[in-house]
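Numbering (mature numbering (1 follows the signal peptide of the UniProt record, and there is no 0)), first residue to last: -22 to -1, 1 to 505.
Hints in this document: simulated from the structure, not taken from any laboratory.
All values reported here derive from a predicted model rather than from experimental measurement.
Please note that the accuracy of each hint is not assured.
[Claimed, not checked] With a straight-line Cα cutoff of 27 Å, these simulated BS3-like cross-link-like pairs (lysine-lysine) come out: (1) Lys317 / Lys55; (2) Lys31 / Lys317; (3) Lys31 / Lys80.
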Amino acid sequence: MTRTWKATLGAIALAVSSGLHADVLPANQTDSAWYTDAQAQLLEKLATNNQFKAKNVILFVGDGMGVSTLTSARIHKGQLEGNMGEEGYLSFETFPHTALVKTYNVDAQTPDSAGTMTAMMSGLKTDVGVIGVDEDIERGECATVAGNEVITALELAEIRGLSTGIVSTARITHATPAATYAKSADRNWEDISDMPEDAVTEGCVDIADQLVNFESFVEARYTGVDIDGIEVAMGGGRRHFLPNDASANSPDASSDVEGDRSDGRNLVTEWQDTYSNGVYVYDETGFDAIDTENTERLFGLFNESHMQYEADRANDIAGEPSIAEMTETAINILDNNEKGFFLMVESGRIDHAHHAGNAAGALTDTLAFEAAVTAAVENTDPSETLILVTADHGHVFTIAGYPKRGNPILGKVVNVGAEEPATASDGTPYTTLGYTNGRGFQNLGDETDSDVAYGLDIAAGRVDLTDVDTTTAGYHQEALIPLSSETHSGEDIALHATGPGSQLAQGVVEQNVVFHLINQALGLINE
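My request is simple: use the sequences and hints to build the entire structure.
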């Protein structure tokens, strides 16, 4: 070591002992955008206030939105904007607090949405496939429900006098939204026609019925409780609320008989009879006409089954609002309550596109979900609203190979320093994005409905992609293991938080901790 270097190191050591001064660092380091951006982010975190109690809480759940989905969507967003992509952020990735969340269910290493959402809503973990009940339940056995029900954050918010809302792009009776309000031995009991006869005989109630009659069920379950019911519920799933009778079809019905209910009941009209102050909407025209300042209660069912994928919304028969539009409308109704509100917003179709093996569809819906989070930020006071953005689980969705910076995220791998796609040992190119299992390759061009793949043969394994444009909406990535549907994954997912109480979102936590973050912020339970 030269004397010059010894002197330099000695100066640095002296500076460190008394506090290193920025002047010691070389200019090419401190002037770097990487350096200054990171420094600015840290200073922003240091400026976070110490307020822990919130008036409102909004929980965003990107169903199936694992870390690889976040990364891919972030890059996709940047590339759609004409940038290289890797350097950007999804809006909620700039929130000041983040945690990793363990997603396993009590009986499963790789979870499902029923068990994971029940954990987030109740504060305890439970089994796969059951909703609003603890682990002592036996799936599919109605008799095991009684005594094993859990109370949810949404129910507690209602009891405290807060307004409550549920928004989903899936059926509103699907696992994630259902876990906010229902108790069921099986997530598939969405209406009475889905239930075994013995479950009906034993007194179990289908999930759609529990939503429409939420107020009376809660009041019967908890002595002395008087609530006014869920103020906002929007999503898909009309078929579970309507009788199996063509005369009950909605004007935009896509089936000859839209309803599935075998008991002859029309739960939409029952809801309207119960809440004369409520507004029911089924299409975009009705949604656009909502006066949020004077609407006390809103029920929206925009599709027979799930709402459209974001890329397909323009193709809907009567039109559908976006998840961002539903979020903004929900907030503007719920915030009429001076006591505050609890709102859950789910993007359900990220998950469905992944199950179909269609990365383009999953990323498009992730960006629509990001827009909904942005809408929430813009329509709430950051000093009084805790916003949590998370997922229920991930998917076996990978970002692989060694593509160069800025390579199209939906494209074939082009190595650093190369111009042509790299080839595998079989002599053919391969994509950056892929799935470990699922239905496999499809080249459907401009087709934006991910579910079209279910009508085609499974084609797992390698395909020669030389002449295939893998960046189209209808391209379905290759999969290694042939399955009828791609599966969930078991790795941790991310939790991003901002607002009062968000400081507690840190470290690696169990999924049921999400409930406790909500409870801490709103004070739902008097300890």
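*Hint by hint, work out which the structure violates, then give me just those numbers in ascending order.*
1
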